[in-house]
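**Student:** As a plain string of letters, each chain reads:
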Amino acid sequence: DAKTTQPPSMDCAEGRAANLPCNHSTISGNEYVYWYRQIHSQGPQYIIHGLKNNETNEMASLIITEDRKSSTLILPHATLRDTAVYYCIVRVVRGNRDDKIIFGKGTRLHILP
Amino acid sequence: DTEVTQTPKHLVMGMTNKKSLKCEQHMGHRAMYWYKQKAKKPPELMFVYSYEKLSINESVPSRFSPECPNSSLLNLHLHALQPEDSALYLCASSLQGPSGANVLTFGAGSRLTVL
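The listed protein sequences correspond, in order, to chains A and B. For the first sequence, position 33 (counting from the first letter as 1) is numbered 33 according to my numbering, and the numbering increases by one without interruption. Basically my numbering = 1-based index in the second sequence + 1000.
If you're looking for bench data, these hints aren't it; they were derived computationally from the structure. Every value quoted in this text rests on a predicted model; they were computed, and no experiment measured them. All C-beta atoms in this analysis are idealised placements derived from N, C-alpha and C, irrespective of residue type, glycine included. Heads up, some of the hints might be wrong.
[Claimed, not checked] Each pair of labels, with its calculated beta carbon distance range: (1) B:Glu1003 / A:Pro76: 24 to 34 Å; (2) A:Asn30 / B:Ser1020: 18 to 28 Å; (3) B:Ser1055 / A:Ser25: 23 to 33 Å; (4) A:Thr79 / B:Glu1044: 40 to 50 Å.
Take these sequences, add in the hints, and give me the full structure.
**Tutor:** Structure representation (structure tokens):
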């Protein structure tokens, strides 16, 4: 599976949009982009995933560039509860095959009051 | 039920003890995972069970012994651990199937301290 690169930390003011970048320049055509987050002392939580089209759900939006080499997770109105480590993962969806889901170092997002 | 339940939440054990961590899910997921997480580090994959069979072992020392008695339960048996094995142990599950996006659902973790 392709590797990802994320900034180690970011700050965002409460109420503003938080834009978290992820570089995955070696992504292949059948690899999806997934985002998880981990709030302190909790298990990671799934946020969103996509292949090539932009995706939106109740938590966030995912913008994938046309060449698929990078993506941005957008939290539209950040709150203090969004302070967490955000992980970008790329992986093939193999269906019945085994899954090695490997976490990179992630971005530590601080929401400032 | 949309949860993965891990017990115990906290465990303190000596290096000669034998203990077990337990993980349970009732979402019909057919893949279950153990991850280990040290402080300020990302989760590290240890084991994957797929349809109750061990499919991935990430070269984990034999003092960690996984067991999947049925599709809803996953255990991690611990024996002769070292202080450096102290960590948060995370269990996760996913719906393994031809249409599944295999999104992981994680438990809250079991925090292990080895004295």
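**Student:** Each hint should be assessed against the structure and marked as holding or not.
**Tutor:** Results of checking the hints against the structure:
no.	hint	in the structure
1	B:Glu1003 / A:Pro76: 24 to 34 Å	holds (27 Å)
2	A:Asn30 / B:Ser1020: 18 to 28 Å	violated (38 Å)
3	B:Ser1055 / A:Ser25: 23 to 33 Å	holds (29 Å)
4	A:Thr79 / B:Glu1044: 40 to 50 Å	violated (30 Å)
In this structure, the hints that do not hold are numbers 2, 4, in rising order.
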